[in-house]
Amino acid sequence: EPEVTQTPSHQVTQMGQEVILRCVPISNHLYFYWYRQILGQKVEFLVSFYNNEISEKSEIFDDQFSVERPDGSNFTLKIRSTKLEDSAMYFCASGDTYSNQPQHFGDGTRLSIL
Amino acid sequence: AQSVAQPEDQVNVAEGNPLTVKCTYSVSGNPYLFWYVQYPNRGLQFLLKYITGDNLVKGSYGFEAEFNKSQTSFHLKKPSALVSDSALYFCAVRPNSGGYQKVTFGIGTKLQVIP
Numbered sequence: 209e210p211e212v213t214q215t216p217s218h219q220v221t222q223m224g225q226e227v228i229l230r231c232v233p234i235s236n237h238l239y240f241y242w243y244r245q246i247l248g249q250k251v252e253f254l255v256s257f258y259n260n261e262i263s264e265k266s267e268i269f270d271d272q273f274s275v276e277r278p279d280g281s282n283f284t285l286k287i288r289s290t291k292l293e294d295s296a297m298y299f300c301a302s303g304d305t306y307s308n309q310p311q312h313f314g315d316g317t318r319l320s321i322l
Numbered sequence: 100a101q102s103v104a105q106p107e108d109q110v111n112v113a114e115g116n117p118l119t120v121k122c123t124y125s126v127s128g129n130p131y132l133f134w135y136v137q138y139p140n141r142g143l144q145f146l147l148k149y150i151t152g153d154n155l156v157k158g159s160y161g162f163e164a165e166f167n168k169s170q171t172s173f174h175l176k177k178p179s180a181l182v183s184d185s186a187l188y189f190c191a192v193r194p195n196s197g198g199y200q201k202v203t204f205g206i207g208t209k210l211q212v213i214p
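Keeping their order, the protein sequence lines are chains A and B.
Residue numbering for the first sequence follows the working numbering, starting at 209 and increasing by one per position.
Residue numbering for the second sequence follows the working numbering, starting at 100 and increasing by one per position.
The set of hints was computed from the structure by calculation and includes no laboratory data.
The beta carbon of each residue, even a glycine, is placed where N, CA and C say it ideally should be.
It cannot be assumed that every hint is accurate.
Sample of chain A residues at the chain B side, in silico, Cβ under 8 Å [unchecked claim]:
# : residue
1 : F253
2 : E264
3 : F269
4 : S289
The task is simple: from the sequences and hints, build the whole structure.
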């Protein structure tokens, strides 16, 4: 079964540094998402992306965050100047055309800000 | 705004006994409802969904869930729990329009199946 893959599995970064989290969605999917999960807390929506633009974003997704689909396969989340509170698991998800289909999630990138 | 409530942080059940993980939701219009499971250090794995039709939906690993519109609930059930079912379970909802619509998750319920 096709999978969403995320790299790296664990990223350690100094506060204030830029970080890029990478995702390869399922190839025929058109909708892409980033979620995050702070340790012990719920999964929170960050942003959705369709047709090369952001469809919706949450309050968490401020100017420090950006997303990009630089080529036909990758979907990236960039945090420009990381803060301690950005430490979390970041999950990429992709979905096909129909909203009644489940989103498929990657295994996540654990981001640790020092 | 849509929301999901999972009232129990943890559910403990003996192996072989039936289990229920509770979920209630709030969404404008008709919902699409999902259950996901998360094992340690892994992503979210889809278990089952309710879209329309029969209120009892069956999913992976013997799990099922019952949609109750009047109670706005979507409780996850399994007739006989296995130790390997021990994991974190998330209920999720999205509106039934727009493929880009975000999924809103509950806070998660930790299921502990005791041998």
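Structure-based check of all given hints:
The closest approach between the C-beta of A:F253 and any C-beta of chain B is roughly 4 Å, which is under the 8 Å cut-off, so the hint is satisfied. Satisfaction of the interface hint for A:E264 is found here, the shortest Cβ-Cβ separation to chain B being roughly 6 Å, below the 8 Å cut-off. With 8 Å as the threshold, the beta carbon of A:F269 stays out of range of chain B, its nearest partner Cβ sitting at about 11 Å, so the hint is violated. Taking 8 Å as the C-beta cut-off, the interface hint given for A:S289 is violated, the closest approach to chain B being about 25 Å.
In this structure, the earlier hints numbered 3 and 4 are contradicted, and the remaining ones agree with it.
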